[in-house]
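Quick note: the sequence shown uses our numbering, first residue 1320, plus one each step.
Hints were generated in silico from the structure; no laboratory data involved.
Each residue gets a CB set at the ideal place from its N, CA and C atoms; glycine is no exception.
Every clue listed holds true.
The following label-pair restraints were derived from C-beta to C-beta distances:
no., residue 1, residue 2, range
1, Y1572, D1538, 25 to 33 Å
2, T1694, K1576, 22 to 30 Å
3, W1459, Y1572, 25 to 33 Å
4, T1694, A1430, 38 to 46 Å
5, I1377, E1542, 14 to 22 Å
6, L1747, L1584, 28 to 36 Å
7, K1576, D1685, 30 to 38 Å
8, W1459, W1547, 39 to 47 Å
9, R1487, Q1401, 42 to 50 Å
10, G1548, P1618, 49 to 57 Å
11, D1491, Y1572, 23 to 31 Å
12, D1538, R1411, 18 to 26 Å
13, V1452, D1493, 32 to 40 Å
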Amino acid sequence: MRSWPEMTEPERGHPDIPKLFISQFSVDYSAPFERHLNRLEVEIGREDYGHLKRVELISPPPQESFFASMLEITETLLKTTQNNYNRELLIRLGIRAYLDEGDYCVYYRLADRAIRFIPAWRQRTLERVFGHVPQEHTDWCDCRGALPGFEGRFIPDGAGGALLLRKRGEVDPDLPVLTATHGPYDPHTLDVALYFLRTGKGRAALINLGFAAREPLTDENLELLRKWGVPLNPSNIDIIYPYVDPQGHPHCYKMEKGLRRYLDLLEGPAARIIIDVHGCVGTVADDVRLVVGLGGFPPYPSPEDFGRHICHGSLCHLYPDARLRRGLEVLRDLSDAIFVQLCRGPHEAYHYFVMGGLHLLGRRLDPRQEVGSLTDGEERSYLKAENVRWLPGAGGNALQRMEARKHSDGVLCLHVEIPTAVRNKMALRLKEIEITESLDSSYL
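Let the hints inform the model, and build the full structure from the sequences given.
Rendered as structure tokens:
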């Protein structure tokens, strides 16, 4: 068994910024294609967003009647976008933007042409489960070959809707409920959730199908837009799908805010473990380390909330209770390198490594001294000594925990950040399972 010093890989001599984030790409500040958001995912992490959206040119544009049933979102986009270049571009070109709430397409309407933004990932996901793209509430439907033994339900809303999945028949109440609250923004988190369901490690899943306006367009799409005379800046693509709803609430928190409603729709026993899966770049090339957050917002958690906790100076052992052990057993399928983090207060935090026997060995620290920012202008924190991501302050997951506790006492929420390399691996493993099952059924 490895000892604590051998588990960490401190950047000796360079404790401030991991090498991965010393960016080698350059920006032409005179051009409109300067990037700000998604720098880590696109330029550094090489995250692939090519499957999310595609653009189409409609020339000549449809008549007024075509847009009559749609929601005009022009003013919402202009008021809420964080990108002045894009705002000024839409004003200069006289673009009016419409959202087709049924199929979740966005239209840019110009005098001589229109451009359609198609939510390709969302369409494929719904077709995969239902065989078509529903536009209204559905009842529970058999997932067919997409997820044998499960049924799905589509819940529409003003931001793409949600997909609910649950196991048919009686279920083990100790099996986790999985949430992919940033579904399209975190590539392959849907695949991770489906893998857990297919392999008997989860009983239900809540999947966000909508964009939070942070998902970038690919360079191929941007080149098409440039040719069509609409050269959008790829930074802050809230100029297509609004970042906030008409009441000013961010779409990226809709699943956390609506958690109790979605859990009620699942029916069956109350959730005891919720595993909230997210994607991250990590802090080293081909990072395979999972980071699990147990909370760090008032009301603050305590290590004793999760099992037997013993400290000798700054070195601490946490022997997990049944809930945390069950959750870690599930996550062990993704990686052998798992870190667990929490904040007991604003100046007292804990960082653990999950050992082979699933007990946790770690240390107590002061986040004011040991937590840094990966890059200027990015809300991405990391622990400098271990060179690993830092999670406890994540606001969306704090909101999920508060809503989960209102729904049922004693529920455990695990916020899991999964690096790109691990999510890509799980997508391949899921595909192998699907191919094997398809071949087996064809032999029958």
